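**Q** Protein sequence lines correspond, in order, to chains A and B.
First residue of the first sequence: 1, per this note's numbering; consecutive thereafter.
First residue of the second sequence: 1, per this note's numbering; consecutive thereafter.
Since the hints were made in silico from the structure, they are not lab data.
The reader is advised that the hints may include incorrect statements.
[Said to hold, decoys possible] DSBU-like, lysine-lysine: derived pairs with alpha carbons at most 30 Å apart:
| hint | chain 1 | residue 1 | chain 2 | residue 2 |
| --- | --- | --- | --- | --- |
| 1 | B | 175 | A | 299 |
| 2 | A | 299 | A | 376 |
| 3 | A | 412 | B | 445 |
| 4 | B | 65 | B | 208 |
| 5 | A | 299 | A | 166 |
| 6 | B | 208 | B | 496 |
| 7 | B | 65 | B | 496 |
| 8 | B | 175 | A | 376 |
[Stated by the list, open to error] Computed, partial: chain B to chain A, Cβ under 7 Å:
| hint | residue |
| --- | --- |
| 9 | 79 |
| 10 | 81 |
| 11 | 113 |
| 12 | 148 |
| 13 | 151 |
| 14 | 155 |
| 15 | 162 |
| 16 | 170 |
| 17 | 182 |
| 18 | 185 |
| 19 | 189 |
| 20 | 192 |
All figures in this text were calculated on a predicted structure; none of them were measured in a lab.
Beta carbons are placed, not taken as given, at the ideal position from N, Cα and C, and that holds for glycine.
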Amino acid sequence: MIDALMEIDWMTVLKSWAPLLSLLGGGVLALAFAAISDGRAWRMELAASLAGFLAAIVCSWQLWPTAQGGALATIAVDRLSLAGVLIVSMSAAFAAVVSPSYLEARGEVRPGYYSLISLAAFGMAVLASAADLVTLLVAFESMSLAVYALVGFMRGRPASVEGALKYFITGAFAAAFLCMGIAFIFGSAGTTDLGLIAVRAAGAAADARHVFLFGLAMVTAGLAFKVAAAPFHGWAPDAYDGAPTPVTLLMATGVKAAALIAFLRIALAIGTAGGQLWHDLLWALSALTILWGNLAALKQQNIKRMLAYSCIAHAGYMLMVFPSIAAAPVAMVRALLLYLVAYSLMTAGAFAAIGAVGLARGEPSDLGHFAGISRKRPWLAAALSLFLVSLAGFPPTLGFFGKYYLFLAVVKAGDVALAGIAVAGSVISACYYLRPVMAMYFHGAKERAVEAEPPLTHAFYAAVVAALAIAALSVAIFGVLPQDLVAFVEASAL
Amino acid sequence: MEMILTAVASILRAHMLSAAIFLPAAGALVVALLPDRRAALVRSAALAISLATLALCAGIFLRVKGSGDLELNEAAAWMPSLGIRYRVAVDGSSMLLMLMTALLSVTAILASWREIGSRVKLFHALILLLECAMLGLFAAVDMFLFFVFWEAVLIPMYFIIGIWGSGDRARAALKFVIFTMSGSVLMLLAIVYAGGAAGSFDLVDWLKYRFSPTEQRWLFAAFALAFAVKVPVIGLHTWLPDAHTEAPTAGSVLLAGVLLKMGGYGFYRVAMPLFPVAVAQYAPLMLTLAVIGIIAGALLAMVQTDLKRLIAYSSISHMGFVMLGLWALNGQAAAGAVLMMVNHGLVTGALFLIVGMLYERRHTRLIADYGGSARSLPLIAAAFMFMSLASMGLPGLNNFASEFLVLLGAFQTRTAYAAISVAGVVLTAAYLLWAIQRVFLGPLKNEDERKMPDLGLRECASLIPLAALVFIIGIWPQITLAKISRPSDAFVALSKRVEMFVPVTQPPTPH
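With these hints in hand, go ahead and build the complete structure from the sequences.
**A** Here it is, written out as structure tokens:
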């Protein structure tokens with residue numbers, strides 16, 4: 001035991017795990033600040049948290065060009081995992097930056113919030129890098145527990161508590177499914193190491209094959225819960241609506257990205273060992289999620305619920321890569337990564353903009369609250385419209401290019417039918433994405449006057465504006481000139 | 001100083017098309033930075049930019065030889081790893097459509113001078129962005145770029161209808177977007193598929209690629225649906241009356257004048273030359289739809305009670321002639337169809353403009369509310385009658401030349417369809433003359449009209465160029481045909497090359 005520890009090159013471990021350790025360090029430090037019972041200590045907590053995110057982003061950016069691939073003690077240290085860490089750290093940083101203004105306006109500034117975000121981000125980062133199913137399970141749980149607490153953070157708001165409870169209970173089921181699935185896979189393949197599973201499963205006896213497939217289905221179900229894929233999405237609208245909007249942002253981007261990358265790693269490891277049945281299952285999961293998400297979004301009057309369904313639909317688009325992953329793994333990983341970046345940017349932007357509307361009121365998420373905003377707050381309305389138009393996939397935005405790149409990969413892999421379903425879904429989606437735009441631009445403000453823009457000298461609001469500007473510019477500029485982004489994802493999936 | 005100027009001039013010479021396409025977009029940025037309160041300044045700036053674009057387009061038009069090949073090619077790397085380039089070029093037909101677009105954009109800005117009173121800055125920025133997308137579409141040769149411009153037209157028009165429209169504008173705007181998008185997403189799928197198969201997104205490469213007959217059928221269907229919604233082919237037209245009627249005048253002018261031509265142009269440039277096997281198979285269906293469109297559009301126009309709706313339905317009828325001309329697969333008919341697109345843009349744009357002027361004075365568009373307006377507003381009446389006569393195809397005015405060419409060509413290859421379509425010419429005369437009679441002739445219905453001003457200077461300025469072109473093209477169609485007849489012949493040749501794809505079975509030759 002001691003010998004084994006002595007043999008490890010600790011410097012290599014430290015260096016390879018630096019992004020993860022930064023997140024953990026930021027979280028632990030933030031937790032320490034949260035314990036100080038001073039009314040202003042939360043600022044230190046926020047600073048520690050942000051420092052952790054920044055360090056994680058810088059470290060993964062530095063490590064990315066020279067990443068060798070492979071795994072180090074059940075943690076993958078390849079470019080895919082670094083790209084995943086980048087996405088979740090940026091999404092968590094984005095959520096943290098827009099939070100102070102949101103929480104302050106609602107009188108919900110309490111310690112513990114930012115340390116929870118940091119710990120959730122740590123869980124996500126490990127989840128996106130897990131090279132072993134047990135590590136994956138632990139990361140899955142540590143991410144989830146932090147997010148449950150965050151969803152229920154607004155104790156005064158019943159919807160928040162309700163959302164947290166629903167999320168927790170269904171999440172517990174999801175974890176149980178995942179756990180059981182892992183046990184079955186272990187039972188049939190004799191290993192939880194993702195690098196060995198496919199070979200072992202192929203060599204297993206014919207009876208064990210059914211056990212293996214059952215385990216795989218359970219794991220898929222567990223992760224589909226977190227991704228909010230239909231029919232495992234029931235919790236999402238309530239949790240998304242109840243959660244503080246910055247937390248919704250985190251759930252929609254970071255949590256989803258981490259779970260999808262973890263699933264991607266499993267699917268890559270399984271390859272063709274899942275057989276036709278697993279292929280069909282994934283195909284149906286994707287098609288159902290696209291259609292269900294888009295159709296259900298049509299009926300929503302509450303913009304957060306509407307976006308919750310939209311996020312379900314987008315999860316469906318991203319799941320399109322999985323049926324073809326055995327046929328064209330590299331192209332599919334690239335398409336998923338690019339779409340994840342595009343999706344995270346526009347979804348984060350949309351939720352941040354919604355959070356910035358009506359800062360002093362409770363939770364202005366009813367569509368009626370958006371009527372006439374374009375006159376009082378033209379820039380906010382323009383930014384939100386840009387994100388929605390991008391989500392709907394209109395060129396020349398990043399949302400369009402992401403779809404284009406994704407459809408190109410799927411069609412090239414020969415799955416024209418699934419691409420056709422996705423295309424139908426995006427037509428439906430235009431109907432509901434344009435409704436808030438209509439409210440903002442085509443309707444005058446009714447009885448309630450639109451709240452005026454808070455001054456930019458207000459530091460917290462300035463942070464929101466900066467975050468929105470970054471997201472909007474990225475969506476617009478990468479939409480016209482996506483070459484650098486393409487190069488990044490192409491190099492991330494070798 | 002001189003060096004800089006010569007350098008700029010040489011860059012401009014090399015990138016003329018791009019300059020014309022993106023000048024309005026740059027102008028939109030300038031307009032967006034002006035203060036919102038200085039409405040007059042915003043309007044003048046937008047007008048100046050659109051006039052400069054028009055001048056540029058006119059200059060380019062004179063340079064285009066009309067050789068039948070793509071001219072003024074420009075290409076730049078855009079996304080090399082995906083085989084996507086920024087590539088623009090024109091032939092005589094597309095350059096003529098670009099020129100018309102630039103002219104109608106000027107007209108649209110002039111038409112909005114008084115009509116648009118709120119959010120002036122946003123409006124003009126959107127019009128200029130729209131102009132950029134429309135111009136870009138006619139010049140795009142890379143199909144990814146084509147699709148980007150195709151969709152980029154939607155959003156500005158959506159806002160123009162939705163914010164400054166009348167009546168049920170939000171619904172009309174949404175309907176417009178959803179209809180167009182339903183078609184265009186299928187086109188996206190087709191572009192993705194064809195690009196994956198051909199390994200490039202360049203239209204010229206696609207023309208050389210041998211798509212199998214099955215691929216051609218499906219790809220053509222996807223492209224054709226997108227274009228048919230825009231034309232609109234009868235059956236897919238229901239978005240048009242709502243959008244045209246509820247849009248502000250500038251929106252109607254650009255919708256009827258340019259956006260419908262995007263559909264016709266799509267058939268001309270993309271769908272038909274690429275997939276000749278499918279063209280041969282779908283021809284009976286498309287020709288039938290074209291003829292039904294001609295007749296049904298005219299009949300529907302006849303029963304309208306709203307003047308703007310009447311003109312909207314007349315567009316369906318006229319665009320039927322365009323489709324007939326394209327699908328007749330005859331050089332004369334195709335040239336006539338291209339010319340018809342331009343003529344329809346000029347004439348219908350002017351008619352919408354005049355209805356807008358009437359609406360500005362009377363605040364009604366119902367035909368029943370008018371009567372004898374020729375007594376109170378003689379100049380407006382004269383302008384309306386002149387444009388109606390042009391629309392009917394009176395010899396000596398522009399539409400005669402194009403309608404004649406379409407029918408002449410179509411009679412040679414598709415006699416039966418052409419024969420039925422002639423009825424459309426008669427019906428056009430009927431509904432327009434009847435409308436003139438009810439609106440402008442007879443005793444004056446509303447005495448208030450006497451106090452209303454007739455055509456003002458600005459209104460004349462917006463109408464006179466259109467009227468002049470109606471005359472010039474009518475008397476001397478050669479000025480346009482010189483540039484479009486060889487490209488039209490090339491279009492027909494490409495669309496007819498079925499043998500290239502379906503091998504003719506020959507007895508094996510002994511070695």
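**Q** All hints, please: hold or fail.
**A** Taking the hints in turn, this is what the structure says about them:
1. Restraint check: the Cα-Cα separation between residue 175 of chain B and residue 299 of chain A comes to about 17 Å, which is no more than 30 Å; the hinted pair holds.
2. Pair hint residue 299 of chain A plus residue 376 of chain A holds up; C-alpha atoms about 28 Å apart against a cutoff of 30 Å.
3. Only pairs whose Cα atoms come within 30 Å are accepted, and residue 412 of chain A paired with residue 445 of chain B is rejected, the gap being roughly 66 Å.
4. With a C-alpha separation of about 24 Å, the suggested pairing of residue 65 of chain B with residue 208 of chain B holds against the 30 Å cut-off.
5. As the CA atoms of residue 299 of chain A and residue 166 of chain A are separated by approximately 21 Å, the hinted pair is consistent with the 30 Å bound.
6. Pair hint residue 208 of chain B plus residue 496 of chain B holds up; C-alpha atoms about 14 Å apart against a cutoff of 30 Å.
7. Straight-line distance between C-alpha atoms of residue 65 of chain B and residue 496 of chain B comes to about 24 Å, which keeps the hinted pair within the 30 Å bound.
8. Annotation: proposed proximity of residue 175 of chain B to residue 376 of chain A holds, straight-line Cα distance about 27 Å (limit 30 Å).
9. For residue 79 of chain B, the suggested interface contact is upheld, since its CB lies about 5 Å from the closest CB of chain A, less than 7 Å.
10. Interface restraint check: residue 81 of chain B against chain A, minimum CB-CB distance 6 Å, threshold 7 Å, status holds.
11. Interface hint status for residue 113 of chain B: violated, as the beta-carbon distance to the closest one in chain A is roughly 22 Å, over 7 Å.
12. About 4 Å separates the beta-carbon of residue 148 of chain B from the nearest beta-carbon of chain A, less than 7 Å, and the hint is met.
13. Among the interface hints, the one on residue 151 of chain B holds; its C-beta lies about 5 Å from the nearest C-beta in chain A, closer than the 7 Å criterion.
14. The beta carbon of residue 155 of chain B comes within 6 Å of a beta carbon in chain A, closer than 7 Å, and the hint placing it at the interface holds.
15. Taking 7 Å as the C-beta contact cut-off toward chain A, the hint placing residue 162 of chain B at the interface holds, the least distance being around 5 Å.
16. Taken as an interface hint, residue 170 of chain B checks out: its beta carbon lies about 5 Å from the nearest beta carbon of chain A, inside 7 Å.
17. Checking residue 182 of chain B against chain A: minimum C-beta separation of about 5 Å stays under 7 Å; hint holds.
18. Using the Cβ-Cβ criterion of 7 Å, the hint placing residue 185 of chain B at the interface with chain A is satisfied: the shortest such distance is roughly 4 Å.
19. Taken as an interface hint, residue 189 of chain B checks out: its beta carbon lies about 5 Å from the nearest beta carbon of chain A, inside 7 Å.
20. Residue-level restraint check for residue 192 of chain B holds (minimum Cβ-Cβ distance to chain A is 5 Å; threshold 7 Å).
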